[in-house]
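Colleague: Here is what each chain is made of, one letter per residue.
Protein chains: 2
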Amino acid sequence: MKYSSLFAKTQKQAPHEAESANARFLLQAGFIDQLMAGVYSYLPLGLRALNRIQNIIREEMNAIGGQEVLLPALQPKEPWEATGRWENPGPEIMFQFKGAGDRDFGLGWTHEEIIAPLIQRFVKSYKDLPVAVYQIQDKFRNELRAKSGILRGREFNMKDLYSFHANIDDMDRYYGEVKEAYMRVFKRCGVEVIITEASGGDFSPLSHEFQMPTEAGEDDIYVNKAGDYAWNKEIAPDLQDGGDAPDGSGPVKEMKAIEVGNIFKLGTKFTEPIGFTYMDEKGKKKPVYMCSYGIGPSRLLGAIVEAHHDDRGIKWPINVAPFLVYIVDLKSKDKDLDARIKQSAVEIYDALQDEGIEVMWDDTEAGPGEKLGNADLLGMPLRIVISEKTMMENSVEWKLRWEKDIQLVGIVDVVEQIKEFVNK
Amino acid sequence: MKYSSLFAKTQKQAPHEAESANARFLLQAGFIDQLMAGVYSYLPLGLRALNRIQNIIREEMNAIGGQEVLLPALQPKEPWEATGRWENPGPEIMFQFKGAGDRDFGLGWTHEEIIAPLIQRFVKSYKDLPVAVYQIQDKFRNELRAKSGILRGREFNMKDLYSFHANIDDMDRYYGEVKEAYMRVFKRCGVEVIITEASGGDFSPLSHEFQMPTEAGEDDIYVNKAGDYAWNKEIAPDLQDGGDAPDGSGPVKEMKAIEVGNIFKLGTKFTEPIGFTYMDEKGKKKPVYMCSYGIGPSRLLGAIVEAHHDDRGIKWPINVAPFLVYIVDLKSKDKDLDARIKQSAVEIYDALQDEGIEVMWDDTEAGPGEKLGNADLLGMPLRIVISEKTMMENSVEWKLRWEKDIQLVGIVDVVEQIKEFVNK
Chain A
2 MKYSSLFAKT QKQAPHEAES ANARFLLQAG FIDQLMAGVY SYLPLGLRAL
52 NRIQNIIREE MNAIGGQEVL LPALQPKEPW EATGRWENPG PEIMFQFKGA
102 GDRDFGLGWT HEEIIAPLIQ RFVKSYKDLP VAVYQIQDKF RNELRAKSGI
152 LRGREFNMKD LYSFHANIDD MDRYYGEVKE AYMRVFKRCG VEVIITEASG
202 GDFSPLSHEF QMPTEAGEDD IYVNKAGDYA WNKEIAPDLQ DGGDAPDGSG
252 PVKEMKAIEV GNIFKLGTKF TEPIGFTYMD EKGKKKPVYM CSYGIGPSRL
302 LGAIVEAHHD DRGIKWPINV APFLVYIVDL KSKDKDLDAR IKQSAVEIYD
352 ALQDEGIEVM WDDTEAGPGE KLGNADLLGM PLRIVISEKT MMENSVEWKL
402 RWEKDIQLVG IVDVVEQIKE FVNK
Chain B
2 MKYSSLFAKT QKQAPHEAES ANARFLLQAG FIDQLMAGVY SYLPLGLRAL
52 NRIQNIIREE MNAIGGQEVL LPALQPKEPW EATGRWENPG PEIMFQFKGA
102 GDRDFGLGWT HEEIIAPLIQ RFVKSYKDLP VAVYQIQDKF RNELRAKSGI
152 LRGREFNMKD LYSFHANIDD MDRYYGEVKE AYMRVFKRCG VEVIITEASG
202 GDFSPLSHEF QMPTEAGEDD IYVNKAGDYA WNKEIAPDLQ DGGDAPDGSG
252 PVKEMKAIEV GNIFKLGTKF TEPIGFTYMD EKGKKKPVYM CSYGIGPSRL
302 LGAIVEAHHD DRGIKWPINV APFLVYIVDL KSKDKDLDAR IKQSAVEIYD
352 ALQDEGIEVM WDDTEAGPGE KLGNADLLGM PLRIVISEKT MMENSVEWKL
402 RWEKDIQLVG IVDVVEQIKE FVNK
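Quick note, the sequences are listed as chains A and B, same order.
Under this note's numbering, the first residue of the first sequence carries the number 2, and numbering increases by one thereafter.
Under this note's numbering, the first residue of the second sequence carries the number 2, and numbering increases by one thereafter.
A hint or two may mislead.
One copy or two, it doesn't matter: identical chains are merged, so the pair holds either way.
Distance condition first, Cα-Cα at most 25 Å in a straight line; then the derived PhoX-like pairs of lysine-lysine [said to hold, decoys possible]: (1) 334 / 3; (2) 287 / 148; (3) 287 / 257; (4) 13 / 125; (5) 99 / 78; (6) 128 / 334.
No lab work stands behind these hints: they were computed from the structure.
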């Protein structure tokens, strides 16, 4: 894509409503736009990054047998009354309102109440179990104060997976599988997380969270000595930095963190109220066990920016970058040389497009300061600069966003080398 | 995909809530599930068909320079007050409610009020125009009575495109381009439409609709003699079947039709209230002209089923079918023969999977009546049957869902022939 054709350009100043690094850079770079507190539009580059995250999640969910569905955001009152969550937590979390005909509606902030009766209609026998279904969809929360950019929103994108099992053993087995799939998702997205014990909130007595340590986080966690397990402060309120871990494994370290995923063993909490049972091998009615698992792609997008930026802008990990390659051509006062620079940029851009490599070219007439500043702000992994200086050596500048080094690469070799870089 | 692993199986009976062909077949075949009137869940096969429709639309929108964004469903009151649509049509169409902090919210049923101020922030000069942006997203309408399956819902999927122009000529030019792109979308989806003049409703004095003639439609249109243009009854209330067309082209034919798309020349209706202007070449402030264009992928899915079914089930057009090939193996009482049938099914299925061809295999133990009935109900384009009879001739049955003919094709040739069929 040519930068000149993109309507959502970068802004010179960070917008004043930006209260966190993710909001500041995503807004200033033209990835997102704020409609109101906690509600954002995804502009072309932001949507590309969001889609790449969603596709990584989709691949990992499919790999563990998840079947993709799409459930409604608009929901009737009745299934929420059956589990008691229409009242509690009720409107504290859920937008609830009346529609035509005095009918009660709520907006989905999670989908246990919708998916359990749906799966119940299809599952009759032990042969129909286990089942795992997921969706990627916008959810809503009636937050009084939404903040931290896209980390906590009134409208946010969510991948929610639900699994249904014939017994506790099978539930435990699949819960473990999902835990590993989640770890693969975060790794592929360039995010390091620590599995953290937490309270299950409105869902279950206990849950596991995937916490990404960062000063920008809202959660306090205590990390064990090995650095591979933690406890959320909410379940260990008396623990202190340096205190002994709940499992006796030695001193813990207190850290701020962002919760980028969570998983819940729900047991029969949402199946029992609706009488969701199945017939076992002996024709006996048995309860169905259920889990739910969440990753918020929009929050993960924000977390990635919190983890990967410097004071000049974003440093996108390769797997989620909106474009992999960013070409900058710098003007020369020498007319001939300038034409040759432009021509090289066109040729490299066209060759990469032909190869199906995702490339953006800043083809504008802006000066070098603005162009290089934009390149850093936008943060695509590989920056290729073509200038007077590089043309003298029949080469281009090759720079990775997260490295200081600049290399010269011959113009004749650059497309081949980019292909190798991309396929690595 | 193996049918046995799909959780959302077909049902023996058409569900009683089905009041139209699209609802009856999509529900019975396990493509969708009704949560309440006008609100449906998309199950794995329904979501696949919906995604294929969305991707056809996406390709055609990208081809005319549309840039994809994703706007919020949750919206503040203020921009709707600026255009007067918070009050009129107001809650008659829009879900409106209070959230935490006594704040007013509405759910998006269209996005002119959101997109115009957003584009305004990026467009300053004639150099920034034209701009075309679109999104594919769920919208909401406060319908008193939702009916006709997924044709008219309280929550529905929408592709909405908005374009912004420096003058009326450029607006007219692009409006024509979109009209052609829309015709390509419908053609690719296997739907024949007639461009129809209509009132612009809450948008503009005049609009064009894309109407698909069918008895299941809610709209009345008068089609001209050539059959390529029509007038909606709402703008020609005195016209009768056989009466002279408004353009004097001769007698019209009255038909029922489903509106599957609409396009509006909005002019300055939504840009003027917010002072959205640009600087022209001479530094003079000029008004920005705007159009909006809609296709509902979920309604289009329903319309496709209305247009393509018989009394046994759906007949998916190739471009939108959830799977292209549907393999059925029929049990034999001869143990050896049965093993060979199963083995052939496995081999053909695996070979097609390896080729990346979208194939479903009914690998269950059901009898021939149920298996062939399911194949017709589900309606994938190409059915391959392997049975005692075909094994005797080392072949399989080849049948297209929309044809009566059954051919025998040699087992050794079938994968090659399917590859040819798919690439046609």
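Colleague: Hint by hint, say whether it matches the structure.
Modeller: Results of checking the hints against the structure:
no.: 1; hint: 334 / 3; result: within (23 Å within a copy, 64 Å between copies)
no.: 2; hint: 287 / 148; result: neither (45 Å within a copy, 37 Å between copies)
no.: 3; hint: 287 / 257; result: neither (43 Å within a copy, 51 Å between copies)
no.: 4; hint: 13 / 125; result: between (60 Å within a copy, 15 Å between copies)
no.: 5; hint: 99 / 78; result: both (10 Å within a copy, 17 Å between copies)
no.: 6; hint: 128 / 334; result: between (75 Å within a copy, 24 Å between copies)
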